[in-house]
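Protein chains in written order, with the numbering used here: chain A, 91 to 742; chain B, 91 to 742.
Incorrect hints may appear among the rest.
No distinction is drawn between identical chains; accordingly, a pair holds when it is met within one copy or between any pair of copies.
Simulated pairs of lysine-lysine, PhoX-like, Cα-Cα distance not exceeding 25 angstroms [as the list claims (entries may be wrong)]:
(1) K612 with K153
(2) K529 with K695
(3) K529 with K153
(4) K695 with K733
(5) K529 with K733
(6) K153 with K695
(7) K695 with K612
(8) K612 with K529
(9) K733 with K153
(10) K733 with K612
FYI, nobody ran anything at the bench for these hints, they're computed from the structure.
There are 2 protein chains.
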Amino acid sequence: MSTVAVGPIPDVEALRRWLDGEHREIRELVREQLVSMDLSQADGISREEYRELCLRWATELGKSGRTALGFPRRYGGEGNVAASIASFETLGHGDLSLLVKVGVQFGLFGGAILQLGTERHHEQYLRGVIDVSIPGCFAMSESAHGSDVQNVHTTATYDAQTREFVVHTPHDGAHKEWIGNAAAHGRQAVVFAQLLTPDAEESHGVHAVVVPIRDEDGTPMPGVRIEDCGDKMGLQGVDNGRLWFDQVRVPREALLDRFASVSEDGIYSSPIENPDRRFFTMLGTLVQGRVSVGGAAISVSKNALSIAVRHAERRRQFTAPSGEEILLLDYRTHQRRLLPLLARTYALHAAQEQLVVALDRAFGADDVGDLARRELEAHAAGLKALSSWHATATVQACREACGGLGYLTENRFASLKGDSEIFTTFEGDNTVLLQLVGKSLLTGYRHQFGDLDPLGMVGFVAGQALTEVLEKTAVRQIAQTLVDRVVPGRDDDDRELDRAEQLGLLRYRSERVLASVARRLKRGIDEGHEQFEVFRACQDHVLAAARAYIESVIGEAFALRVSRCEDPVLRAHLERLCDLHLLCTIEDDRAWFLEHGRLSPSRSKTITRAVNRLLNEVRGDAGAFVDAFAIPDQVLRAPIGLKDQQGRVSGP
Amino acid sequence: MSTVAVGPIPDVEALRRWLDGEHREIRELVREQLVSMDLSQADGISREEYRELCLRWATELGKSGRTALGFPRRYGGEGNVAASIASFETLGHGDLSLLVKVGVQFGLFGGAILQLGTERHHEQYLRGVIDVSIPGCFAMSESAHGSDVQNVHTTATYDAQTREFVVHTPHDGAHKEWIGNAAAHGRQAVVFAQLLTPDAEESHGVHAVVVPIRDEDGTPMPGVRIEDCGDKMGLQGVDNGRLWFDQVRVPREALLDRFASVSEDGIYSSPIENPDRRFFTMLGTLVQGRVSVGGAAISVSKNALSIAVRHAERRRQFTAPSGEEILLLDYRTHQRRLLPLLARTYALHAAQEQLVVALDRAFGADDVGDLARRELEAHAAGLKALSSWHATATVQACREACGGLGYLTENRFASLKGDSEIFTTFEGDNTVLLQLVGKSLLTGYRHQFGDLDPLGMVGFVAGQALTEVLEKTAVRQIAQTLVDRVVPGRDDDDRELDRAEQLGLLRYRSERVLASVARRLKRGIDEGHEQFEVFRACQDHVLAAARAYIESVIGEAFALRVSRCEDPVLRAHLERLCDLHLLCTIEDDRAWFLEHGRLSPSRSKTITRAVNRLLNEVRGDAGAFVDAFAIPDQVLRAPIGLKDQQGRVSGP
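Given the sequences, and given the hints that come with them, work out the whole structure.
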């Protein structure tokens, strides 16, 4: 049975429930909590006051239990990672300094203790993490090694005589940089350092050690130097700082020893032989941070769109011959600016939800399996990159679409921009993350986790029919489900609106770009060039493969989610939004499809026409689509973007 | 004789002189002045202090004479518009609040008095404009009419009995909005209002009247209500405000009467019959504002690139097999991020210079001619739009390319972003401006200024061979010069690097898109649709035509400017940068060229390869290209972007 979307969306509440999904209750609770917190307290206060306010807010949240959902029950949590992320995503509609403060304390610091530590550490720290009586830091990045964290220079050297680790910053470029909670509030820090033991000449690689950085009075511990990062473009309520360690001694038990331990007499052991694999296992357990940031970025986009779409439905400019002035959203250019971003926000929402389910399943499983874990990590990295870039683009487009009013601080774009700006950089620079995705795709075929060399697989690929190799990628499996479910009843002539056709194009691009970069890498090696140089020369091609893959994942997640909507009327409206997203994605890269013979010039133009037609249709749903984000007016706070607008009135 | 660029640019000073061009001396003076002003005074001060600082700085500049260059000699100027804009552009490297304050006082307020007023007004105000003893406002935009300024609702009604104009805000949406200098410092305002006289029932259209808004003590005049716009995303040193007029009376002489006057007994007269034409003539004389903003936006891009390129030449991340860590700028993705923006900044610089020459010529001429004036206005509007969008994109890309360091306030991206953000909106919203360009292109053929109806020309176009019509556009004329001058000595097989070929593609696109939109408009009318609706449905197509046209103008200006470089070695390096710009422009829109049969799929891929090759080559010149922007370290002020870096050192 198929229904065609006619008229406006009749039931915005149903759409809201569909969006909220499984974790509706926690989302509602966090929305209420945000309303009750009075976010306007942060307006116009000093940096120091703002930092204190964020600590106070975080402590309140800690007490409410909403930030502990991901921790084990015995420490006050619910062991529910998915709910924990839903809570974090919802917080992303509010004050982003608070969000990051929460992310640092509960996600990074608490997450490292939980996932890299063992029971001893859990007992010692988790209650204090949860009630914020132990504010903590996650000290990984260094000044000279921000992205290349496998090569940080801080050392933790085991001294078998005193049974201590000596944590040390060997030169100025090795100081810990950008550490949240460090400048003002942190008491403990999980410090990532090269682990050195007497039984080995070389480092065992990067390991995490808990180091006290301040005493009860807030005075830095002996040997610890702390500096404030100073003013930032946004997130002024987060106390980012720098840390230097001068031969700081901590007991042997300070090593978070889930994946590696050092015996009393200094013998190193780990269940994971390969040091690369060990490092990435440790990083991998922190994948939750990337998933959280990606989700928060989607929330930021929802805020921006709520403001800009509502404004465009009220603001009129230039007079039609009828004498009536025209709503901004009735202009084609305005629709082009906002509605594809709206559709994409829904698509990312669906992909994020799918990712959270996979993450939750991985946390619940005894052994996820390397392939599933690698896929999860790749999706987390890729989605974080595309969601945060999307937030940057959306905030920008929405500000411009609101003109001068968008430039006033009261209308929130200043904060949305300044605060979310760094999402594209932290928890992994987006470019570096996409490179990880690309490498993962290239090595993924081998079903082996140990060998991270992205070129090791080239011979392997070349030795098989490429299609056979590509069959093994997850994309194809997901897609098949959708082809089976494809929306029936469409006009067969209307290829542009054929779901299998749309997804097929995205899937084809993903597979083809990957195969082509693999061939280029092989050719480079065959011609005798150094592997590293070959990879560098193909870098943008690897990124294109990663991006195409993630776009395909996003498109399929959205289509699948929409196909499962049980209300046929609502589904019809969502199908149209999904059409808009998929066709815009294809239109954006139609050059590639033309170059590779998948679109003829005339069909390429047809797609642009279809997008324009869809824009006209989706325009009528735009208000409902943003209302369903359900951001309370007291949280959105932009006078021009309120649902119930009682603010400034324009016009005669 | 042709030279191929080999090795680095040998003489950065020569490149700098080439960039500085004719107004080198004034640029040098303003740079020195910016250094001597100590821009760091603005750091960390309150909004009120910042506003006072900007007034003080503007007054200092006024005294130095550098901001008066465009005014007539008898009032202390030099009657040199081009030098005045060169001065303004250079100020754009420094504090942007100061820049906007200067723009409001000297450009908008002073410019309106100079260009819309007559000798009486010049005598009365210009000395006070120049020495800032009369701080003034340019009160055009209204709350409900920001873009559609031809329909502002403020009225100026002539009262023949008292020989006064009564200036009035008829409803709240008609208050003047975003008026610079209004919230704190302005004494006088040039107010744009519907002019009503007893001899006519309808308004004579928008005219400008000088209205005192504060007395000597700074108290608002009777009947004038002033409100502060409040906090903004940036430009906190500019006192933007709102103005309401309650039956405020000013003498008959307050009308700026160059283009229209009202006799003592209330008879209206104007040398320009058509009210539309009259309005656009008044706006047209203010085209200088758009040229100035466009130029300043290019300066902002230069600041951002100076910081990001220098950082990318110092910052290393990830280790090559050689053991050496790799400079960011040696990564293909990093080159892709920064170098096309660098090339485009040079291209815009050249186009801006060409525009300023045309503007200067127009100011010097007794009668410019309607066609030349319309072209000038279109170029000013289009270049302002593309330069300001370029600044937004460049600041964003450069911030991201500097990672976390780019997020620190001290590295300047926060200010560059927040302050320049509004450039895409003020002095005409970019989308509206591109629409003006499109309409101008469509009507331009007719060589008639009177009829602004963009659809009036459709029958005209249809009645002629399109190519013949297109022959008349200025693009073709400029292009021919370049085809004649085309760089000799290139390998004939290398079509991608053939200048005539590159420019030919851009020109073809410009003409073809314009012809196609004209056909669509005609078809819509022929089918009986309402003209207004047809135009609205084609709006994005009109914008595409405008954009394609301006891109062609920019490309040709750059190519021409480079071809005139007399130093063959330097020219070779610049030719390569020009290749990069033109090929990136084509690559960006290669879908269009593929759709319209101007690129084959294989040639399209060749262009991408050629861009990658050029990136590798231009990378060696990148440092010299930014050094030649010659922004003094004391003005650039970003520790990571200084030429002589003595700041933070990273690495062992």
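Evaluated hints:
no.	hint	verdict
1	K612 with K153	neither (56 angstroms within a copy, 68 angstroms between copies)
2	K529 with K695	between (34 angstroms within a copy, 24 angstroms between copies)
3	K529 with K153	neither (42 angstroms within a copy, 61 angstroms between copies)
4	K695 with K733	neither (37 angstroms within a copy, 48 angstroms between copies)
5	K529 with K733	neither (45 angstroms within a copy, 36 angstroms between copies)
6	K153 with K695	neither (57 angstroms within a copy, 58 angstroms between copies)
7	K695 with K612	between (36 angstroms within a copy, 20 angstroms between copies)
8	K612 with K529	within (14 angstroms within a copy, 53 angstroms between copies)
9	K733 with K153	neither (31 angstroms within a copy, 51 angstroms between copies)
10	K733 with K612	neither (56 angstroms within a copy, 41 angstroms between copies)
The structure shown violates the earlier hints numbered 1, 3, 4, 5, 6, 9 and 10.
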